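Trainee: Here is what each chain is made of, one letter per residue.
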Amino acid sequence: QKEVEQNSGPLSVPEGAIASLNCTYSDRGSQSFFWYRQYSGKSPELIMFIYSNGDKEDGRFTAQLNKASQYVSLLIRDSQPSDSATYLCAGYKSGAGSYQLTFGKGTKLSVIP
Amino acid sequence: GAGVSQTPSNKVTEKGKYVELRCDPISGHTALYWYRQSLGQGPEFLIYFQGTGAADDSGLPNDRFFAVRPEGSVSTLKIQRTERGDSAVYLCASSSGTSGRDEQFFGPGTRLTVL
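Order-wise, the sequence lines are chains A and B. Going letter by letter, the first sequence gives residues 632 to 744 in the numbering used here. Going letter by letter, the second sequence gives residues 16 to 130 in the numbering used here.
Hint data in this document are derived by calculation from the structure and do not stem from the laboratory. It is possible that some hints are incorrect.
Derived Cβ-Cβ restraints for the label pairs, each shown as a range [what the hints assert, rightly or not]:
| id | chain 1 | residue 1 | chain 2 | residue 2 | range |
| --- | --- | --- | --- | --- | --- |
| 1 | B | R79 | A | N697 | 17 to 25 angstroms |
| 2 | B | Q95 | A | A699 | 23 to 31 angstroms |
| 3 | A | Q662 | B | T45 | 13 to 21 angstroms |
| 4 | B | K32 | A | A648 | 43 to 51 angstroms |
| 5 | A | P712 | B | G18 | 42 to 50 angstroms |
| 6 | A | G672 | B | Q95 | 21 to 29 angstroms |
| 7 | A | G726 | B | V27 | 32 to 40 angstroms |
| 8 | B | T91 | A | G647 | 21 to 29 angstroms |
| 9 | B | Q95 | A | L642 | 35 to 43 angstroms |
| 10 | A | R659 | B | S73 | 17 to 25 angstroms |
| 11 | A | K687 | B | K30 | 40 to 48 angstroms |
| 12 | A | L677 | B | S73 | 19 to 27 angstroms |
| 13 | B | S20 | A | S713 | 24 to 32 angstroms |
Here are the simulated PhoX-like cross-link-like pairs (lysine-lysine), alpha carbons at most 25 angstroms apart as the crow flies [stated by the list, open to error]:
| id | chain 1 | residue 1 | chain 2 | residue 2 |
| --- | --- | --- | --- | --- |
| 14 | B | K26 | B | K93 |
| 15 | A | K698 | A | K736 |
| 16 | A | K673 | A | K739 |
| 17 | A | K673 | B | K26 |
| 18 | A | K698 | A | K673 |
| 19 | B | K26 | A | K698 |
| 20 | A | K698 | A | K687 |
| 21 | A | K736 | B | K26 |
None of these values were measured; they are calculated from a predicted model. Yeah, the Cβ is synthetic: ideal placement off N, Cα and C, and Gly gets one too.
With these hints in hand, go ahead and build the complete structure from the sequences.
Mentor: Put into structure tokens, the structure is as follows:
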């Protein structure tokens, strides 16, 4: 079992709808979680990170973390065609000299005009 | 300011050859990471440098892979006796710190193709 699991999709939503992206993790030692967006052929770029239980909002994006359920999600409100990309969830863990991001395989999102 | 840069952007080599991939991090970033991304997968951690030293090389797949960062800035990932399975995009990232709240900034990657 991979440490960070994501549904690979594709997830298709109409323009203006809410896109919901989900991620589960197995390592309870993970301290924080990062959501990256990756356009085809490009490198990952950070959308937001979360380290406390609950919701964190940044513009059209809301990250949610539930440590008891080992579940992380990203909501994108008012989805735009420019949001079409692969969304990578990553767990961060530090200790004993290690500072690693462990990525899921990503969920491909398509926003249909 | 400039972001993370990587050279070359593409590298095609033959099985058994030696390759070097270069990463120039954001100025002042002490932490530097190498990842490998295969098609349809997320980035996979290879190695982490804090300054000049490799603080965590647990992700290097075998002893054909080696990385250096001699002056605490530019890093080079070296792959000996390349195999077709080494074909992937090699990503470099840097960050100003190593807390769970420090963003890792990624470079554009080097696409390595081993024929």
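Trainee: Of the hints stated earlier, which fail here?
Mentor: 1, 2, 5, 8, 18, 19
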